[in-house]
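Respectively, the protein sequence lines represent chains A and B. Numbering of the first sequence is given in numbering that gives the first Met the number 0, commencing with residue 0 and proceeding in unit increments. Numbering of the second sequence is given in numbering that gives the first Met the number 0, commencing with residue 0 and proceeding in unit increments.
Take these hints with a grain of salt, some might be off.
[Said to hold, decoys possible] Among chain A residues calculated to face chain B with C-beta under 10 Å, some are:
1. Phe-51
2. Ile-86
3. Ser-165
4. Tyr-172
5. Val-176
6. Tyr-253
7. Gly-254
8. Lys-256
9. Thr-317
10. Ile-318
11. Gly-320
12. Ser-327
13. Pro-353
14. Trp-429
15. Phe-453
[Stated by the list, open to error] Output of the computed footprint for chain A on chain B, the stretches with three or more beta carbons under 8 Å from beta carbons of chain A:
16. 284-292
17. 361-369
18. 454-460
[What the hints assert, rightly or not] Chain A is nowhere near these chain B residues, computed Cβ spacing over 12 Å in every case:
19. Thr-8
20. Gly-80
21. Lys-88
22. Glu-102
23. Gln-113
24. Asp-209
25. Arg-223
26. Tyr-239
27. Gln-302
28. Gln-304
29. Asp-310
30. Ser-347
31. Thr-400
32. Tyr-403
33. Leu-413
34. Ala-414
Derived from the structure by calculation, the hints contain no laboratory data. Backbone N, C-alpha and C fix where the C-beta goes; we use that ideal spot for every residue, glycine too.
2 protein chains.
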Amino acid sequence: MTNLECFFTPRSVAIFGASTNPLKSGYKLFENLARNSIAKLYPINPHGGEIFGIHVYTSLKEVPDSIDLAVIFVPNEMVIGILQECITKGIQGAIIEAAGFEEVGEEGLQIRNQIAQITDNFTKIRIVGPNCTGITYIGENGDGLYTSFVPMPKIKPGSFALISQSGFTNGGYFLDVATHYPSLGFRYVCAIGNKMDLSENEFLAHMIKDPKVSTIGIYVESFRNVREFIHLCREGINHYKKKIILLRSGTSEYGAKAAKSHTGALAEKEELIKAVVRQSYCIPADDFYDFFAIGRVLEFAFQNQLSWPSDPNIAILTISGGAGAVLSDLCSKYELNIPDLSESAYTSLKALYPPWMSPNRFAVLDIWPAVEQAKGNLQAVMYQCIEIALKDPGVKVLLLTSFYTQDSWKIDWLALKSLIEKYKKPIFVWLFGKYQDVLTAEDIFQQIQIPVFFVEHEMVSICAKIITAQRRSKVSHE
Amino acid sequence: MTNLECFFTPRSVAIFGASTNPLKSGYKLFENLARNSIAKLYPINPHGGEIFGIHVYTSLKEVPDSIDLAVIFVPNEMVIGILQECITKGIQGAIIEAAGFEEVGEEGLQIRNQIAQITDNFTKIRIVGPNCTGITYIGENGDGLYTSFVPMPKIKPGSFALISQSGFTNGGYFLDVATHYPSLGFRYVCAIGNKMDLSENEFLAHMIKDPKVSTIGIYVESFRNVREFIHLCREGINHYKKKIILLRSGTSEYGAKAAKSHTGALAEKEELIKAVVRQSYCIPADDFYDFFAIGRVLEFAFQNQLSWPSDPNIAILTISGGAGAVLSDLCSKYELNIPDLSESAYTSLKALYPPWMSPNRFAVLDIWPAVEQAKGNLQAVMYQCIEIALKDPGVKVLLLTSFYTQDSWKIDWLALKSLIEKYKKPIFVWLFGKYQDVLTAEDIFQQIQIPVFFVEHEMVSICAKIITAQRRSKVSHE
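Work out the full structure: start from the sequences and follow the hints.
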């Protein structure tokens, strides 16, 4: 296995292209590093000077100490010379963030071939990138290695790991996810760019063996080696008990054209991708929202130590018959099963309903009549019905629709924690109500790590995709 | 055509079941009415008293004046007696909000049959409901007729009209939409419940002829008369230039079971529903989020006087190659076309790009290299590229990905208004960035009535669905 430690926990890092000008990306990159680093930093820039109180060397030759990792943020034509210096110095790894390689055609391809030559086909030094936003490794207290040139917040340490062929997932969109879901923690945020040398497979091989990782999210525009990828995913899922999410773009004619201009990736057939998903037991994501939403669901479940079923038996709890009908249709569409309630669950439920309206026999708990019967005590009815559903051995997952306002029908959602701990079954929440109150409620659900959705079919399809992947891996394992 | 005026603009309303107890729904119903009414109100309750300074009559017989509309909010077994009094008094219409009719089986069906009998098959008095949250009609300044027993905010008057078989769309979920999108205006919010007498068709027939209505959203769990529904939709769309959205639940086995217990609706085949969508030129919604998101897109476009194309030629503008690739795949999936740029557009674009990276020939404008070329001036590049895309005659709609933060890369989105006014082409925005800043940006986009999305495939699929419906109606019209 390739040793990637120098990319995550180097003792010393040389940064080529570190800038003293706060308007430049070379400054932002150094700022990310300096604010969060556990490594010793050696900024290198022919102009010299000082950044964040750290001496800037005018060339690598001047650096007296040994260096584990080089971060290269300079125009593409300067990269070869720098790599030669790095090899001479015995540096093990380089992250090339510059663009202008495979993705720009002939000229870029020539540079790539020269790099392959001088590195003896990437044996003298291992390379991440080029055309990427670098590696972020998050240690115990949020410090670690932050090599992106996109301004990054201090990241909460956790068990979610990202491998991405786009800077989007550790730049613009990552900022969105990290600030919207502060309770979500990460261990790796890796952009692999054009993957001239190291690809998703080397990173995946490393991450599946990291006991601190629970979920691995992979965005790629092409596969380096499909067989190896499938093998690694299966090993990660079945042996190391990881969850793996896959977002694969460039699956269509348009997408392939766009991906080619982005990272120089070649198109693979859509059918191939579907086969990869089936065989690797990955959970496929439809887009970036979906990618991180699946990650959030899995990570929250991991934190709450919930178990995922391989049979798709779910219950719906709703205060609106219309919402219940639409959710039921969506369950059919995404092949989730709504079982009949157990005798015991039905009996408990019936006791809460008015004489003029019995509950459903099947697991769509439309609780409004019970709320009327309880003279509007939504909180009490909601709790009793949630517990009835979770207690039913035939119900494996609960889809909860929640109306929330701060005034009438306020619910103490924090108290849901005890039911989660008791029954250990996943709960998904579709949340609606007065807008400002909904934002408050979303925050409360985040505290107890229950995933919230605002789009019903997203909630249902994600639930279905996780269970399907669970079933595939279980069947293969038996 | 059935005259529904008494349900929207009655001069006088008798409210059966109005309560003086603020904890009861009969109080909340009267509160909604009293706060917003342009009609004279006559609360009726055997206990008498006073609500909101208005005298409560102990029976209808005591009311000295003539009454146009009855709102009936009492247990199901009392409804028949009240209806008889209403007929005697010559009241033209009644909204029955009580539940316990078709949806509860035998007993409820008996009451229904008795009502049909005493009303001479609904000729002596027209009925909305039962089992519904009533009619809301919004007049010029937000006043009008608010008959829901769910607390309602004062609604912004506008051109969106709702017909719904669920109280969800004028209760829990409506509150969400109205508070999240205060710039969205409504004219009717009608819950038709079990539609014992009046159905979606009578309301639709009324609304398509209302010149103040632009978009009609219909949620049903069954159709009263499919042929008539299709005929009315076509007339509304082709002749009166309305847009019509259809959310039809109960299309699956589970959904049908849930709908039956909700409004007693019978299942129709999924294939039938698809045929209805094709033939009626409606825009189909997948769930409630989708339903209102489509409405928002259409209403915002109506306010901005934008034109919808019937050919699906769109451009994508992105600052992330990965986001561009994923959006391109989604366009393929939802059958949107990404054309090549015109020569003139390509030439203008190329002038903004660095020598090492040309823009795409096809209409995926990955603007990051141009931003680097402009030394990080995202605002300038964004504007120039938006205009290049909108100006291209081959581009009919723009899908814009927008990163937004208040600090670096802040963009003056309000200025986009002038480009919208100049080119009149629809723009969809997928928004991301620092969470708090994103909330601010969403608000800005709402001011200039550009629809914002947080889930990419929702944005793309809604764009595709609107254009498809446009094409169907145009082809039929030629």
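Comparing the hints with the structure gives:
| no. | hint | in the structure |
| --- | --- | --- |
| 1 | Phe-51 | violated, 18 Å |
| 2 | Ile-86 | violated, 25 Å |
| 3 | Ser-165 | holds, 2 Å |
| 4 | Tyr-172 | holds, 5 Å |
| 5 | Val-176 | holds, 9 Å |
| 6 | Tyr-253 | holds, 4 Å |
| 7 | Gly-254 | holds, 3 Å |
| 8 | Lys-256 | holds, 6 Å |
| 9 | Thr-317 | holds, 9 Å |
| 10 | Ile-318 | holds, 7 Å |
| 11 | Gly-320 | holds, 3 Å |
| 12 | Ser-327 | holds, 4 Å |
| 13 | Pro-353 | holds, 9 Å |
| 14 | Trp-429 | holds, 9 Å |
| 15 | Phe-453 | holds, 6 Å |
| 16 | 284-292 | holds (count 5) |
| 17 | 361-369 | holds (count 4) |
| 18 | 454-460 | holds (count 4) |
| 19 | Thr-8 | holds, 27 Å |
| 20 | Gly-80 | holds, 18 Å |
| 21 | Lys-88 | holds, 28 Å |
| 22 | Glu-102 | violated, 8 Å |
| 23 | Gln-113 | holds, 16 Å |
| 24 | Asp-209 | holds, 24 Å |
| 25 | Arg-223 | holds, 17 Å |
| 26 | Tyr-239 | holds, 27 Å |
| 27 | Gln-302 | holds, 20 Å |
| 28 | Gln-304 | holds, 27 Å |
| 29 | Asp-310 | holds, 16 Å |
| 30 | Ser-347 | holds, 18 Å |
| 31 | Thr-400 | violated, 9 Å |
| 32 | Tyr-403 | violated, 9 Å |
| 33 | Leu-413 | holds, 21 Å |
| 34 | Ala-414 | holds, 21 Å |
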